Amino acid sequence: MPYRLSRLGYIEVRVLDLDDALQHYVNVLGLIVTGREGRRAYLKGWDEKHAYSLILTESDTLGMERMAFRTVSPEDLEYYKDRLKKLNVPFATIESDYKRGEAIRAETPSGHTVELYYTMEYTGNVLPDVNPPPWPMDLKGIGVPRLDHCLVTAADPTKTIRWFENVLELRPSEYVLNGSGDPIAAWLWQRPAPHDVAVVPGPDAKFHHCAFAVETPEQVFRACDILAMTKTKIDYGPSRHGITRGTTVYFFDPFGNRNETFGVHSAYQLDPDHKPICWTEDALGQGIFYYEREIIESFLSVVT
Amino acid sequence: MVRIGPSITLQPLGVTVEARPGETVLDALLRNRLRVFHGCTRGGCGACRLRLLDGAVTFGRYSKGALDDDERARGLFLSCICVPEGDVVISLLEPHESRFPRWMRKR
Numbered sequence: 001m002p003y004r005l006s007r008l009g010y011i012e013v014r015v016l017d018l019d020d021a022l023q024h025y026v027n028v029l030g031l032i033v034t035g036r037e038g039r040r041a042y043l044k045g046w047d048e049k050h051a052y053s054l055i056l057t058e059s060d061t062l063g064m065e066r067m068a069f070r071t072v073s074p075e076d077l078e079y080y081k082d083r084l085k086k087l088n089v090p091f092a093t094i095e096s097d098y099k100r101g102e103a104i105r106a107e108t109p110s111g112h113t114v115e116l117y118y119t120m121e122y123t124g125n126v127l128p129d130v131n132p133p134p135w136p137m138d139l140k141g142i143g144v145p146r147l148d149h150c151l152v153t154a155a156d157p158t159k160t161i162r163w164f165e166n167v168l169e170l171r172p173s174e175y176v177l178n179g180s181g182d183p184i185a186a187w188l189w190q191r192p193a194p195h196d197v198a199v200v201p202g203p204d205a206k207f208h209h210c211a212f213a214v215e216t217p218e219q220v221f222r223a224c225d226i227l228a229m230t231k232t233k234i235d236y237g238p239s240r241h242g243i244t245r246g247t248t249v250y251f252f253d254p255f256g257n258r259n260e261t262f263g264v265h266s267a268y269q270l271d272p273d274h275k276p277i278c279w280t281e282d283a284l285g286q287g288i289f290y291y292e293r294e295i296i297e298s299f300l301s302v303v304t
Numbered sequence: 001m002v003r004i005g006p007s008i009t010l011q012p013l014g015v016t017v018e019a020r021p022g023e024t025v026l027d028a029l030l031r032n033r034l035r036v037f038h039g040c041t042r043g044g045c046g047a048c049r050l051r052l053l054d055g056a057v058t059f060g061r062y063s064k065g066a067l068d069d070d071e072r073a074r075g076l077f078l079s080c081i082c083v084p085e086g087d088v089v090i091s092l093l094e095p096h097e098s099r100f101p102r103w104m105r106k107r
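Protein chains in written order, with the working numbering: chain A, 1 to 304; chain B, 1 to 107.
Hints are computed from structural coordinates only; laboratory data are not their basis. All values reported here derive from a predicted model rather than from experimental measurement. One or more hints might be untrue.
[To be verified] Here are the simulated DMTMM-like pairs of lysine to aspartate or glutamate, each with C-alpha atoms no more than 20 Å apart in a straight line:
1) B:Lys-64 to A:Asp-60
2) B:Lys-64 to A:Asp-282
3) A:Lys-231 to B:Glu-23
4) B:Lys-64 to A:Glu-294
5) A:Lys-233 to A:Asp-20
6) A:Lys-233 to B:Glu-23
7) B:Lys-64 to A:Asp-17
Start from the sequences and build out the full structure, keeping to the hints where you can.
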């Protein structure tokens with residue numbers, strides 16, 4: 001099966017106040033604002049080469065408005081149009097959006113909005129194209145290089161996991177299996193990294209977290225320092241995931257949406273014939289929080 | 001001892017604690033070792049919802065997804081962003097009103 005999706009391209013997250021949101025996402029996480037239009041701001045990490053990876057939208061509720069995957073080529077967008085038609089999955093075609101070309105939009109069984117697109121304004125990262133230094137010196141806060149993944153909850157997680165696998169052809173890197181051998185949680189990938197999106201049990205249409213990459217163990221601790229210095233509420237961490245092997249710290253934005261800085265240095269890389277790593281339901285605790293070996297209360301109960 | 005803050009009585013335990021001036025209901029309960037369920041503490045998730053039986057609380061900023069207008073009209077409030085205006089009596093929620101996840105209740 002060829003790779004037709006290159007990565008999680010962008011997500012749109014609802015916030016209660018755009019200025020307070022930017023204070024967090026810019027000064028604490030270190031994202032860069034690339035545009036602002038009315039109630040929306042567009043941001044990206046310093047190493048991302050397209051116009052944006054995060055849209056913040058002012059609203060009276062929180063959560064994720066949509067997630068969007070970028071296709072490998074324009075032809076792959078056509079491939080998915082045909083595939084969704086063939087599978088009788090309803091979808092809308094959206095001609096354009098801010099600095100982005102055509103997209104198709106569909107809904108998962110759990111009520112999450114998913115878009116696929118290819119064209120977005122190519123901006124390059126913040127480094128020069130010729131003879132660049134390894135990283136920019138003028139970053140704010142944690143200074144995350146890029147969006148890594150998002151995690152959503154589903155009342156019937158098996159159905160939604162199968163939808164991502166069958167309709168979008170995402171590949172499972174890891175499963176949590178129930179007694180009947182069905183996945184009740186899955187980490188799904190297209191890049192050679194453990195996940196672009198993950199699904200866990202919970203209410204439909206809810207947002208668990210979005211994660212931004214950090215590159216070294218030292219940077220996970222540095223992120224924790226910055227969260228503490230800025231009085232950002234830490235949910236959990238620093239710690240280690242059994243599933244994905246990533247290092248982590250979870251925290252909340254000023255309104256209660258959960259963010260993560262995910263240590264990609266310890267996560268593995270994948271080959272096309274990777275077979276999913278499986279966890280049993282009774283080992284979910286160590287799968288998620290490897291050191292504590294049990295899930296803290298707020299982790300599966302707090303969704304927005 | 002002279003009281004400087006409002007009192008919070010938590011039902012059905014019938015325990016009364018004193019809040020510091022300006023302190024949220026949740027902070028006052030936790031500081032007094034009453035471990036009520038809570039989550040983001042930013043008015044976003046609704047994990048800390050409790051019921052107001054008597055008195056009044058001042059709301060801070062919160063998401064309508066954590067507490068909708070109907071629920072607020074029925075006396076539910078978000079303890080993480082609400083500050084008592086004088087003495088209050090509050091109660092834990094019935095299981096069906098709580099956001100405590102079902103899979104955790106079974107354990």
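Now the hints, each set against the structure:
Taken as a hint, the B:Lys-64 and A:Asp-60 pair is honoured in the structure, with Cα atoms around 6 Å apart against an allowance of 20 Å. Between B:Lys-64 and A:Asp-282, the direct Cα distance comes to roughly 35 Å. Violation of the 20 Å bound is thereby established for this hinted pair. At roughly 17 Å between alpha-carbon atoms, A:Lys-231 and B:Glu-23 fall within 20 Å of each other, so this suggested pair holds. Simply put, B:Lys-64 and A:Glu-294 have alpha-carbon atoms about 31 Å apart, too far for the 20 Å limit, and the pair is violated.
Between A:Lys-233 and A:Asp-20, the direct Cα distance comes to roughly 15 Å. Compliance with the 20 Å bound is thereby established for this hinted pair. Distance hint between A:Lys-233 and B:Glu-23 is fulfilled; the C-alpha atoms sit about 17 Å from each other, no more than 20 Å. Restraint check for B:Lys-64 and A:Asp-17: satisfied, since their Cα atoms lie roughly 13 Å apart, inside the 20 Å limit.
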